[in-house]
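**Q** So the chains spell out like this:
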Amino acid sequence: MGEKKFITGDIAVAHAVKLARVGVVSAYPITPQTPIVEQIANFIGNGELNADYIKVEGEHSAMGGCLGACMAGARAFTATASHGLAYMHEMLTYVAGGRFPIVLAVAGRTIGPPWSIWGEQQDSIQQRDTGWIQLYAETAQEALDTVLQAFKIAENPEVFTPVMVCLDGFNVSHTEELVDIPDQDAVDRFLPPFNPGATLNPDEPMTLAMGAPGQLSTTWRFEQFQAIVGAKSVIEKVDKEFGEMFGRSYGGLVDAYKCEDAEVVIVSMGGLATGAARDAVDSMRRSGTPAGTLKLRAFRPFPTDIVKRYLSPAKTVLVIDRDCSYGNEGAVCSDVRAALYGVHPCPTITNFIGGLAGADLTPEEVQEMAQEATKTADVERHDIIFQYTE
Amino acid sequence: MKIKEIPQEELIAGSMSCAGCSELLATRLALKVLGARTIFIVPAGCMSSVNCYWPQMPFRVPMFVGPFAATGAIVQGASAGFRFRGMKDINVVGLAGDGGTADIGLASLSQAIVGGRKFIYICLDNEAYMNTGTQWSSTTPYGAITTTTPVPEVIQEKEQNKKDIFGIVMAHNIPYAATACPSYPFDYMEKVRKAASVDGPAYIQVLAPCPAGWGYPEERSIEMGRMAVESGMWYLCEYENGQLRFTYTPKKKRPVSEFVSAQGRFRRMKPEHVADLQNRVDKRLARLEAMAAVK
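Heads up: the sequence lines are chains A and B, in that order. With numbering that gives the first Met the number 0, you'll find the first sequence wraps up at 389, consecutive numbering, no jumps. With numbering that gives the first Met the number 0, you'll find the second sequence wraps up at 294, consecutive numbering, no jumps.
Extracted from the complex, chain A is given alone in its bound form:
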């Protein structure tokens, strides 16, 4: 039996790291992830976790330490956010390209300027093309459970791709909720001992991350692509297994809330946007509008087919982005649009860019945006509403 504790998302992630029996943690502090690495240091300090803790001089090296540990055959973890994640960018591509199954928690935060510590998803979204699997957690409980699932997904030999577990800065990272912390024995049954894949093994010498010419590089990239696309079914399977074992699961790649007969569907990721969208949906349903929310749990791999299936029957789609791809629109919205390409009749798609740098997203506001979106009649219009005050 596990135990229930009133803890934040960050502390929940640290519990998951302990339960996963991580061997090496390599970390550098940055708000709002710092409580994760502090709590892990406490677990190691008081003997609850047998792991080596590498204190590094920056996030580039934080991931470097994880990479070294992984190649030596130890399960490795780190956490970061915002500028730290941007600073880690080169290492992210290295870890993904080298197919090292490392898990990284990102407590999403805006990237300056304007400088700010508050929550957003721009930091993780701008790492979209580094080749990492990205899973977004809505609650502290989901953050804990997703970290445990992440190790199992990353270490699946068909996948061997690192996983980024994203939790909204402050709204999830620093908000306390009642969390069920699973039992160690149960986690040990769920998560097998670490399988690092290729290691630096003197008995079997290999050059890892070797140089390669174009044709071989393309084959390498294709395999990388296939692995992350193939991870879709692994993510679903692992979530299902988790559900059978612990009584909690999250819908695999997406969580659809009241979408079955919905004419208006709000697409969201993470805690703040999804929470507001769920409340907005309830309120709209009370006033007679059939609305639903499609929470994307996986952003990479992008669940194109599922998104298409849920959104095709709708008349209106509102996509909330807590990020912006400057010069185009929100990055999530672009992917949703692409998923619906060729669907006829196609719902109208409106992009709502908001919740930036910790700006609140209230259910009332989301409801207002959804109602505004229903007024768009032309499917070819690319409406972008910025949460904006003069």
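Source of the hints: derived by calculation from the structure; they are not laboratory data. As the structure is a computational prediction, the values presented were derived from the model and not from experiment. Heads up, some of the hints might be wrong.
Between beta-carbon pairs, the in silico distance windows are [unchecked claim]:
no., chain 1, residue 1, chain 2, residue 2, range
1, A, 47, B, 88, 27 to 33 Å
2, B, 244, A, 229, 57 to 63 Å
3, B, 170, A, 213, 43 to 49 Å
4, A, 225, B, 214, 46 to 52 Å
5, A, 212, B, 278, 46 to 52 Å
6, B, 134, A, 232, 23 to 29 Å
Idealized CB from N, CA, C, for every residue including glycine.
Dock chain B against the given chain A, drawing on the hints supplied.
**A** Showing chain B alone in chain A's frame:
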């Protein structure tokens, strides 16, 4: 280490490095001492781009071609990982060039030394970014031409000194640090042996003469290393238990002008620059000797 004790076995063979490459020689000699229970973390540089590019893989030990700035972090991580798994017999070695050490990799090397885990870091110092065609690095010596300093800074009357990485590393209170040159193979191999026996970080900076980058015929690499040490342009030291000492002192000092005139890279230096260089070299050596004299 005596000549009879050097194993016949080659752990690097069939390399496509340039003829006369002393980085390759230094790596080969290090492997003679370290043996097959060794793993290398190699960032961008001649050793990785020439010797870890498919299908030309001359190394018979595990290699990782790492990001430029992260060598120190990755060796720390690998050291921690092997220790976690109870694998104590593996030599974890970072093998980086001077740019990868003195410039882009300095922060992660510094933190790795502070971290105190067991590893060896070998800096193969050929005094410029040779792999990309001889661009200036902070270890490029006074007066040398590179493709990004076609007119060396001293000739433009600006300050230019080779960055003293050995001094910076010593300042960390590292358990073991040394300077070496493959022109003095036994001195170097003994230092590698000592580095491997330290239970903590160890650093060796190897002066690696480069025919292509320095501008001399490829058969003269060993001679260039000897001239460097005999003129005081380089020095063979070690720092152990807080004590600096010279492991070799030339019986007769040669003027730096001999070293300078033997290489194309110094061709823009005028006699007054050579005199200035001689003065700087003398002062640096005097400083090191004074440090070594403090017991």
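**Q** With reference to the structure, classify each hint as holding or not holding.
**A** To see whether the hints hold, each was checked on the structure:
1. Evaluation of the 27 to 33 Å hint for residue 47(A) and residue 88(B) yields a pass: the beta carbon distance comes to about 30 Å.
2. Against the hinted window of 57 to 63 Å, the Cβ-Cβ separation of residue 244(B) and residue 229(A) comes to about 59 Å, which satisfies the hint.
3. Distance hint check: the CB atoms of residue 170(B) and residue 213(A) are about 45 Å apart, consistent with the given range 43 to 49 Å.
4. One distance hint, 46 to 52 Å for the beta-carbon pair residue 225(A) and residue 214(B), holds here, with the actual separation near 49 Å.
5. Between residue 212(A) and residue 278(B), the C-beta spacing of about 49 Å keeps the proposed range 46 to 52 Å intact.
6. Between residue 134(B) and residue 232(A) the beta carbon distance is about 48 Å. The supplied range of 23 to 29 Å is therefore violated.
Of the numbered hints given earlier, the model fails hint 6 alone.
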